[in-house]
Amino acid sequence: MSLSTTKTLLSDLNTHLSSPNPSHQKALDILTDIKVNLIQFTSLPPLLQPNPNMEEERDVAARALETGVMIGVMMKDMDVFERNVNQLLPIYLSCPNLPVSPLKHKVLGLNLMYLLVENRLSDFHTSIECYAPSTMSSPFVTFPVNLERSLMVGSYDKFGTAATNLPDETYGYFMESLISTVRDNVADALEVGYETLTIQDAMKMLMFSEEKEFRGFVSESRDDWIVSEVGVEFKGDEGQ
Numbered sequence: 001m002s003l004s005t006t007k008t009l010l011s012d013l014n015t016h017l018s019s020p021n022p023s024h025q026k027a028l029d030i031l032t033d034i035k036v037n038l039i040q041f042t043s044l045p046p047l048l049q050p051n052p053n054m055e056e057e058r059d060v061a062a063r064a065l066e067t068g069v070m071i072g073v074m075m076k077d078m079d080v081f082e083r084n085v086n087q088l089l090p091i092y093l094s095c096p097n098l099p100v101s102p103l104k105h106k107v108l109g110l111n112l113m114y115l116l117v118e119n120r121l122s123d124f125h126t127s128i129e130c131y132a133p134s135t136m137s138s139p140f141v142t143f144p145v146n147l148e149r150s151l152m153v154g155s156y157d158k159f160g161t162a163a164t165n166l167p168d169e170t171y172g173y174f175m176e177s178l179i180s181t182v183r184d185n186v187a188d189a190l191e192v193g194y195e196t197l198t199i200q201d202a203m204k205m206l207m208f209s210e211e212k213e214f215r216g217f218v219s220e221s222r223d224d225w226i227v228s229e230v231g232v233e234f235k236g237d238e239g240q
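Our numbering applies: residue 1 is where the sequence shown begins, and numbers increase by one.
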């Protein structure tokens with residue numbers, strides 16, 4: 001009965017999310033009802049008790065939690081995102097025969113993006129050590145892996161290109177946060193390495209396509225810079 005009810009609830013959740021303008025709160029309410037049922041699934045970690053329905057129970061649980069992860073991204077709520085990831089990963093790790101769902105590689109890639117944004121590089125590397133070769137070759141996973149390599153060697157110029165070649169639109173929220181961090185790092189380097197730059201050169205290095213956005217960044221984050229028609233003067237601490 002519990003499995004049947006859970007499958008119906010999961011179907012209701014997916015139907016609701018595919019409707020025009022779905023309510024995220026209603027989706028979370030349905031997900032909560034699903035998780036109440038999942039408590040009864042002793043085939044899930046940490047118990048992992050075998051039963052005739054264990055494969056189906058684990059599959060339903062994984063798909064529900066994957067959906068929970070995506071709800072967190074849609075809401076831009078990292079508490080919801082992280083909570084569902086933390087509940088989902090033990091199932092991936094403990095159930096090797098779990099069918100690979102259409103969302104699995106995307107979820108794993110999004111989690112890597114989250115770890116990059118949070119600067120949890122140790123967790124990032126620990127995570128990819130557990131990934132199967134088929135997972136590591138997925139575009140959803142190679143994208144954050146390549147970003148991390150670029151971060152490590154300071155190849156910040158690659159982030160502008162990456163931002164226009166996302167593997168999925170759900171990566172956009174995390175990419176914006178990463179670019180914000182990278183811009184701060186580049187801005188620090190510009191202050192050390194240059195006295196002046198043309199506005200176009202500064203925009204290119206800071207990955208801005210619009211001068212209005214560049215000037216907004218300077219006004220908000222680097223108000224000691226002097227921007228004129230001639231270019232940008234970096235005063236930094238010495239000019240204070």
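Rather than coming from a laboratory, the hints here were simulated on the basis of the structure.
Here the structure is a predicted model, which means the values were calculated and not measured.
From the three backbone atoms N, C-alpha and C, an ideal C-beta is built for every residue, glycine too.
Heads up, some of the hints might be wrong.
[Said to hold, decoys possible] Below 25 Å or equal to it, Euclidean Cα-Cα: the simulated SDA-like pairs (lysine to any residue) are:
no. : residue 1 : residue 2
1   : 104       : 153
2   : 158       : 101
3   : 76        : 204
4   : 104       : 156
5   : 158       : 216
6   : 158       : 186
7   : 35        : 119
8   : 104       : 166
9   : 158       : 102
10  : 204       : 229
11  : 204       : 227
12  : 212       : 153
13  : 158       : 168
14  : 7         : 98
15  : 76        : 28
[Stated by the list, open to error] Ranges of calculated distance between the beta carbons of each label pair, as one might list FRET restraints:
no. : residue 1 : residue 2 : range
16  : 21        : 226       : 44 to 50 Å
17  : 18        : 229       : 49 to 55 Å
18  : 93        : 40        : 20 to 26 Å
19  : 169       : 83        : 53 to 59 Å
20  : 122       : 155       : 19 to 25 Å
21  : 102       : 23        : 36 to 42 Å
Right, here's what the structure says about each hint:
1. 104 <-> 153: Violated - the C-alpha atoms of residue 153 and residue 104 are around 29 Å apart, more than 25 Å.
2. 158 <-> 101: violated, 31 Å
3. 76 <-> 204: Violated, because 28 Å separates the two Cα atoms, which is more than 25 Å.
4. 104 <-> 156: Violated: residue 104 and residue 156 sit about 29 Å apart, past 25 Å.
5. 158 <-> 216: holds, 22 Å
6. 158 <-> 186: holds, 12 Å
7. 35 <-> 119: violated, 30 Å
8. 104 <-> 166: Holds, at about 17 Å.
9. 158 <-> 102: Given that 25 Å is the threshold and the Cα spacing comes to 28 Å, the pair is violated.
10. 204 <-> 229: Holds - the C-alpha atoms of residue 229 and residue 204 are around 17 Å apart, at most 25 Å.
11. 204 <-> 227: holds, 15 Å
12. 212 <-> 153: violated, 30 Å
13. 158 <-> 168: Holds - the C-alpha atoms of residue 168 and residue 158 are around 18 Å apart, at most 25 Å.
14. 7 <-> 98: holds, 16 Å
15. 76 <-> 28: holds, 13 Å
16. 21 <-> 226: 44 to 50 Å: holds, 46 Å
17. 18 <-> 229: 49 to 55 Å: holds, 51 Å
18. 93 <-> 40: 20 to 26 Å: holds, 21 Å
19. 169 <-> 83: 53 to 59 Å: violated, 22 Å
20. 122 <-> 155: 19 to 25 Å: holds, 21 Å
21. 102 <-> 23: 36 to 42 Å: violated, 24 Å
The structure does not agree with the numbered hints 1, 2, 3, 4, 7, 9, 12, 19, 21 stated previously, though it agrees with the rest.
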